[in-house]
Amino acid sequence: GDSVIQMQGQVTLSENDFLFINCTYSTTGYPTLFWYVQYSGEGPQLLLQVTTANNKGSSRGFEATYDKGTTSFHLQKTSVQEIDSAVYYCAMRDYSGSWQLIFGSGTQLTVMP
Amino acid sequence: DAGVTQTPRHEVAEKGQTIILKCEPVSGHNDLFWYRQTKIQGLELLSYFRSKSLMEDGGAFKDRFKAEMLNSSFSTLKIQPTEPKDSAVYLCASSPTTNTGQLYFGEGSKLTVL
Chain A
14 GDSVIQMQGQ VTLSENDFLF INCTYSTTGY PTLFWYVQYS GEGPQLLLQV
64 TTANNKGSSR GFEATYDKGT TSFHLQKTSV QEIDSAVYYC AMRDYSGSWQ
114 LIFGSGTQLT VMP
Chain B
189 DAGVTQTPRH EVAEKGQTII LKCEPVSGHN DLFWYRQTKI QGLELLSYFR
239 SKSLMEDGGA FKDRFKAEML NSSFSTLKIQ PTEPKDSAVY LCASSPTTNT
289 GQLYFGEGSK LTVL
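These protein sequences, in sequence, are chains A and B.
Going by this note's numbering, the first residue of the first sequence is number 14, and it counts up by one from there.
Going by this note's numbering, the first residue of the second sequence is number 189, and it counts up by one from there.
These are calculated hints, taken from the structure and not from any lab test.
Beta carbons: idealized from backbone N, C-alpha and C, even for Gly.
Do not rely on the hints blindly, as some may be mistaken.
[Claimed, not checked] Using C-beta positions, here's what the derived DEER-type ranges look like: (1) A:R73 / B:T226: 22 to 32 Å; (2) B:L302 / A:K81: 41 to 51 Å; (3) A:G74 / B:A190: 22 to 32 Å; (4) B:T226 / A:Q58: 13 to 23 Å; (5) B:Q268 / A:N29: 20 to 30 Å; (6) B:G230 / A:K81: 19 to 29 Å; (7) A:K69 / B:T264: 34 to 44 Å; (8) B:T226 / A:I18: 17 to 27 Å; (9) A:K81 / B:T206: 46 to 56 Å; (10) B:T206 / A:P126: 37 to 47 Å; (11) A:M125 / B:T226: 20 to 30 Å; (12) A:K69 / B:P272: 43 to 53 Å.
Chain B extracted, bound-state conformation (with noise of 0.2 Å):
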């Protein structure tokens, strides 16, 4: 089975542009979140879907960061404008049923902003 598909794995922006990373979660599964990684700060959830429903978009994300999910296999996340500090690994994480615990990781989609 395909995992989690996780595309750019690179991104590179200019600050105050649009970038948005994409997501296909691995096929059948119920739940997708989106993580924000850094060395400072972790793990930080952004954005939680259950059955392509947001149930969470993380508080304090919700000013320039906005996920969707168009169909239950494709997910997308947008900051707009980037700013320097949104430097960081973006994940995607899909998990088979709701509120095991039990997510599977994408690989990632690196951003830098310039």
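This is chain A alone, in the form it adopts within the complex (with noise of 0.2 Å):
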């Protein structure tokens, strides 16, 4: 079946470091993919999406991207801020099957100042 698996379960960075958060993906159909974030407190929202392979989505400083041929897609930010610590989710919606959007299982990002 569908999945998506996210392996970092934390990150642990300082101020303006290099963030790549990756994820792979397995499914049948054409997938559209997702990055959610999570603050502390909060419900996770949506950062970006990324319906074509090869495309890039980006949002707030943060760019996202997915490699069809090795059915994986990252997120990555060039110089992160202590702000920016929360928890990262990577999705999958697979519009040749079901509707239901499948989550990765999180990566902590933590930023030292």
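Combine both chains into one complex, guided by the hints.
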């Protein structure tokens, strides 16, 4: 069945470091891929979506792309700030199958001042 | 515009009690979802409504969990009877159009079952 694997459970960086979080997906259909961010005490909120392989989505300094060949997608930011500390979830919506949004297990990003 | 509103924000229950969590979706949104969030399992889908019709009632959670959408602007999640393993954050989300994957989440209801 469809699945999303997010291996990095925790990432700790210093301010101005480069961020790279990776997910892999499995589907027989045509996925749209998302990144959600959850700040402490809040619900997740949509950060980015990418509908076409090798195209970039960008928002608030974050960029996301996905590679159909390696069935992976990633989130990156050139220079993280303390306010970026949050949990980041990758997610997949498969248009050929169910309506369901499948979430990865989340990456806790901690940015040290 | 008001976002998704969930009440209560915190609930403490004794094992065996019945609890009801409430959700008001964003006005005009077509789809409504209930998720359970724990550190170990992450985000798990409990129920999904499309235009007030129940589309998915989350297989493993059918037993003691029942979500209802009484009208387009109000939904409840009933857990009966509660067990300590139900301790989690329960998130409600709504979406403006079907199948977009763009969900708007509430802040969640944190349930602790003693």
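If any of the earlier hints don't hold here, list their numbers in rising order. Checked against the structure, the only hint that fails is number 5, while the rest are satisfied.
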